[in-house]
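Q: Residue numbers (this note's numbering), protein chains in the order written: chain A, 1 to 491; chain B, 492 to 744.
These are computed hints drawn from the structure, not numbers from a lab. Watch out, some of these pointers could steer you wrong.
Unchecked claim - With a straight-line cut-off of 25 Å between C-alpha atoms, the simulated SDA-like cross-links for lysine to any residue are:
hint, chain 1, residue 1, chain 2, residue 2
1, B, 512, A, 163
2, B, 542, B, 664
3, B, 691, A, 336
As the list claims (entries may be wrong) - If you want a taste of the chain B side facing chain A, the calculated C-beta under 7 Å gives, among others:
hint, residue
4, 505
5, 587
6, 684
What the hints assert, rightly or not - Some chain A residues well away from chain B (every beta-carbon gap over 10 Å; in silico):
hint, residue
7, 53
8, 55
9, 75
10, 99
11, 136
12, 205
13, 242
14, 258
15, 273
16, 361
17, 464
No residue lacks a Cβ here, since even glycine has one placed at the ideal position from N, Cα and C.
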Amino acid sequence: MFKSFTLIVRCVNRHNVYEHVRFASQALPQFSSEKYNVKRKPFNTVEIVDVNYFKSILSEDRVLTEESDVQPYNIDWIKNCRGQSKVVLKPKCTEEVSNILKYSNEKRLAICPQGGNTGLVGGSVPVFDEIVLNFVLMNKIISLDEISGALICEAGCILENLDNYVRERNLIMPLDLGAKGTCHIGGNASTNAGGLRLLRYGNLHGSILGIEAVKADGTVIDCLRAMKKDNTGYHLKHLFIGSEGTLGVVTKVAIHCPVLPKAVTVGFFGVKNFENILQLYKSAKSSLGEILSAFEMADFHSIISTVKNLKLPNPISAYPFYVLIETHGSDENHDAEKLNNFLSKEMESGLIIDGTVTSEPAKMQDAYKLVYLFLHDFRHDTLFFKYSNTLCPGHLTEIFPRVVSSGDGNIHINVTVPQYTKQVASLLEPYIFEEVSKLNGSISAEHGIGFRKPHYIHYSKDPSALQLMKDLKQLMDPNGILNPYKVLPEQ
Amino acid sequence: MARVLVGVKRVIDYAVKVRVKPDKSGVVTDGVKHSMNPFDEIAVEEAVRMKEKKLASEVIAVSCGPAQSQETLRTALAMGADRAIHVEVAGAEYDTLQPIHVAKILAKLSKDEKADLVIVGKQAIDDDSNQTAQMTAALLDWPQGTFASKVEKSDSGLTVTREIDGGLEVIKTKLPAVISADLRLNEPRYATLPNIMKAKKKPLKKVAAKDLGVDLSPRIKVISVEDPPVRQAGSIVPDVDTLVAKLKEGGHI
Ligand SMILES: Cc1cc2nc3c(=O)[nH]c(=O)nc-3n(C[C@H](O)[C@H](O)[C@H](O)COP(=O)(O)OP(=O)(O)OC[C@H]3O[C@@H](n4cnc5c(N)ncnc54)[C@H](O)[C@@H]3O)c2cc1C
Ligand SMILES: Cc1cc2nc3c(=O)[nH]c(=O)nc-3n(C[C@H](O)[C@H](O)[C@H](O)COP(=O)(O)OP(=O)(O)OC[C@H]3O[C@@H](n4cnc5c(N)ncnc54)[C@H](O)[C@@H]3O)c2cc1C
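Using the sequences and the hints, build the whole thing.
A: Quick look at the structure:
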C-alpha cells in the first residue's frame, strides 16, 4: 500500500487563491454548530459551582475560563471548526482526570479530550460548550526499557520530544508525522495515527503495547502492560486506539520503539505518469525489500505550491509526479548496494526520469519538508477540505482519471478555495466518499472520523459494525459525555 | 580559461545535534552523520557555474581528512567537479589538523595543478575558524576576495562583491586569486542521479600530506571544549502588569 499520495484539485475557484491568504487566515472561523447545522444535545452547562469544583481539584491556574485564554482551544489546526467552550482543564495526573470525569459524568457535563490539537477532522475541538480536557501537562516519561524498547509515558508527551528522548538511547518512535512537534502520543493513539514510518513499522495497533485509560464514569482502566506478547483475555487496549476520545480518555501509553536505523537514505524522483508510479512502487518493494520504509508521491502542483509558499528548494526540475523513497537499514553499505542496483535499473528503464539521493540529514530534511510540510503549507492559502482515503492498488488507475485526483493506498486530496461555501462542499461531499466506497476503500485512512465525517461513516462501515460501535459506546459512556457529535452518526 | 581548485571539508551535518565528549577534548564524531560543509557546497557550486559559463576549464575538488572524506569528494564530483584529490590525514593528525595546515596543502596543490583560482567556504561550520582562504592567499601571495556574495568576470580578472559589516563592498582582482564563499553567493544544486552515477567514474587521486611536504605538527593546542551554557527556564506571566512588575523587580526597566 502506498503510504500517501498528495494531490491538489485546482479546478475550484483557482484564481486569487494566493491573494486571499491574509484575509482568510486572520478571520475567526464560523462556529461549527452554525456552519454545519448541529443541534446541541441536552447536556448541562458549566456553572460557577462546577468551575469552583474543578479549581478545587486542580490548581487555579489549570482551569482556564477567560475568553481570550480559552479561544485557541476552541479552534482546530486548519481553522475550519470552532467550538464555544468556556472552560479548559489541564490535569497533571490520571487521578485528576478520573476526578474530573467522575464529576462531569454525574453532572452530565460534556467533555472534549484534546491533545496537541493537530487533528484534521475537527475531533479535537468542542462543537458547543463541551469542557476541553487538555493533556499538555501530562508530559512525563515514566520508563524506557532499552533492551525491549518499551517506552511508557503520559498521554500529553509531544511525539517529537519522545523521539528525541529515545534516539539518545538508540531507538526511534515507530511513527512520525508532519505534526510531530505538536501532536501528543495520546492523540496519536486516539486517532491511530499512521504517518511516515507505517510501511516499515506497521500501525499503532501493533506498536502500542498497553494503555491506561479513564472511562466516562472516572474508572481507571489499567491495560498498561509493556510486553510484546500478551494473550490474556480481551485485547481491551484496542478499544482506545483510534476511538478518538469517544470511549475513554487515554492517560498513559506503553509503546514499542524499534532500534534506530544506522543507515537512512532518501531518494526524491521525477516520474512521468501515474502508471509509472505503480510500476516503480512494485519494483521498489521487490528490489529494496525490508529496508523500504516509505514510499510517498505527490503531484506537480502540490510540490510547486510548497516550493513557492515555503520558499524551499526543489532538488530537481519540474516533472508531472514526484516520488519520495526512504530506506531504513542496519548497514550503510548493504543499503547503498541495494539502492544503487534499484536506481540504475529504473533510470535505465525510464521509470525514474531524474532524481537525487542522499543520506545527509540536512538534505533529507529538505526532501521530507517538500512532501510533508505541504499540509502546513496550505494554511498559507485557505484550506477547507481535506480527505485522506485508502484504496487497493489496482483501483488507483480506475478512479484516477475521473476525479482528477484520488488514487491508491492512502490518498490526500487537498482542495483549496478562497472561501468556504456550502456549494463547493456539496460538490465534493459525498461525491468523493461515494467514489471511494464503490471501490471498497476507506473514507478515512489516517485522520479519523472526528466531527467532520460521522454522517459519511456508512460509506466504509457495514451497518452490523456500526451497530456494535453504538453498543460499545452505550456500554462505556452511557451518558454520552465523551466527545459528543463525533465519530458516531446520529440515528 | 581558468583552472579552479575548490576546498571541500567533511563536517558533522548541520541537522545533527553536536555533543561534547565527556573528557572535553572535542566533540563526538563516531557514528555521527557527516556531510559537506555548507559553505563549501556554495564554493563548489560557484566553480561549477563558472565552468558552465565557460569561464573555467576545469574544477578540481580537494579534501583533507580521513578515508570518509572521499564521500565528500564524490558529492563534489556529482555536483559537477571534474576530478578530486584526497589528501589523506587520519587519526591523531586529523584531530589536530588546523587551518594553517590546510592552507599550506591548498597552496602547494594550487601550484602543482597550475590553478588560477582557489575557492573555499568562508568558514567550516565545525571549527568556525574563517582562516583558510586568507592564509592560502598569503602563502601564495595572491590577491583575495573573501566573503563573496557575487563573483563576475571582468577584463583583467574578477569583480567580487563582498559582504562586510556595513553592507557590500565591490573589489576588482586579477587572477590568480583566492575567494571565500559567503552564504548568499548562490544556492547550491542537489546532485542528481545521473550525475551521482557519473561521479563514481570520475578520477579521484589520493596523496599523503607528507608527500606534499607539509608539516602537520599542531600550532594551536585545544585546552577544553565546553557546551554552551544551558538556557534558563522561562516562566509564563498572566498579564502585562505582572510582566512589567517582574521586569522592574529584576532591574531591567
Ligand atoms: C502537518 C500535519 C501532518 C499530519 N500528518 C498525519 C499523518 O501523516 N498521519 C496521520 O494519521 N495523521 C496526521 N495528521 C493528523 C494529526 O496530527 C494526527 O491525527 C495526530 O495523531 C493527532 O494528535 P493530537 O495530539 O494533535 O490530537 P488532537 O488533534 O488533539 O485530537 C485528535 C482526536 O483524538 C482525541 N484525543 C486527543 N488526545 C486524547 C486522549 N489523551 N485521550 C482520548 N482522546 C484524545 C481528540 O478528542 C480528537 O478526537 C497530521 C496533522 C498535521 C497538522
Ligand atoms: C505443536 C504446537 C505448536 C504451537 N505453537 C504455537 C505458537 O508458536 N504460538 C501460539 O500462539 N500458539 C501455538 N500453539 C497453540 C495453537 O496452535 C494456537 O493457539 C492456534 O492459533 C489455535 O488454532 P486452532 O484452530 O487449533 O484453534 P482451537 O485450538 O480449535 O481453538 C482455540 C480457541 O479459539 C476458539 N476458536 C477456534 N476457532 C474459532 C472461531 N472460528 N471463532 C471463534 N473462536 C474460535 C476456541 O473456542 C478456543 O477457545 C501451538 C500448538 C501446538 C500443538
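Q: Each of the hints needs a verdict: does it hold here or not?
A: Structure-based check of all given hints:
1. Under the criterion of a C-alpha separation no larger than 25 Å, the hint pairing residue 512 (chain B) with residue 163 (chain A) is consistent with the structure, at around 22 Å.
2. Taking the CA atoms of residue 542 (chain B) and residue 664 (chain B), the gap is near 19 Å; set against the 25 Å cutoff, the hint holds.
3. For the given pair, residue 691 (chain B) sits about 13 Å from residue 336 (chain A) by alpha-carbon distance, which is consistent with the 25 Å threshold.
4. For the restraint placing residue 505 (chain B) at the interface with chain A, the shortest Cβ-Cβ distance is roughly 5 Å, inside the 7 Å limit, so the hint holds.
5. The interface hint given for residue 587 (chain B) is violated, since its Cβ lies 26 Å from the closest Cβ of chain A, which is over the 7 Å cut-off.
6. Annotation: residue 684 (chain B) was flagged as interfacial toward chain A, and the flag holds, the nearest CB pair being 5 Å apart, inside 7 Å.
7. For residue 53 (chain A), the non-interface assignment is confirmed: its Cβ lies about 22 Å from the closest Cβ of chain B, beyond the 10 Å cut-off.
8. The Cβ of residue 55 (chain A) lies farther than 10 Å from every Cβ of chain B, with a closest approach of about 15 Å, so its non-interface assignment holds.
9. With a cut of 10 Å on Cβ distances, residue 75 (chain A) stays outside the contact zone with chain B, its closest approach being about 20 Å.
10. The Cβ of residue 99 (chain A) sits about 25 Å from the closest Cβ of chain B, beyond the 10 Å cut-off, so the non-interface label holds.
11. Interface exclusion of residue 136 (chain A) from chain B stands, the closest Cβ pair being 12 Å apart, more than 10 Å.
12. The Cβ of residue 205 (chain A) sits about 32 Å from the closest Cβ of chain B, beyond the 10 Å cut-off, so the non-interface label holds.
13. Here residue 242 (chain A) stays apart from chain B, with its beta-carbon at least about 32 Å from theirs, past the 10 Å limit.
14. For residue 258 (chain A), the requirement that its beta carbon stay farther than 10 Å from each beta carbon of chain B is met, with the minimum near 18 Å.
15. The beta carbon of residue 273 (chain A) sits about 19 Å from the closest Cβ of chain B, which is more than 10 Å, so the claim that it is off the interface holds.
16. The non-interface label for residue 361 (chain A) is inconsistent with chain B: the shortest C-beta to C-beta separation is roughly 4 Å, within 10 Å.
17. With a cut of 10 Å on Cβ distances, residue 464 (chain A) stays outside the contact zone with chain B, its closest approach being about 50 Å.
This entry does not satisfy hints 5 and 16, going by the numbered hints stated previously.
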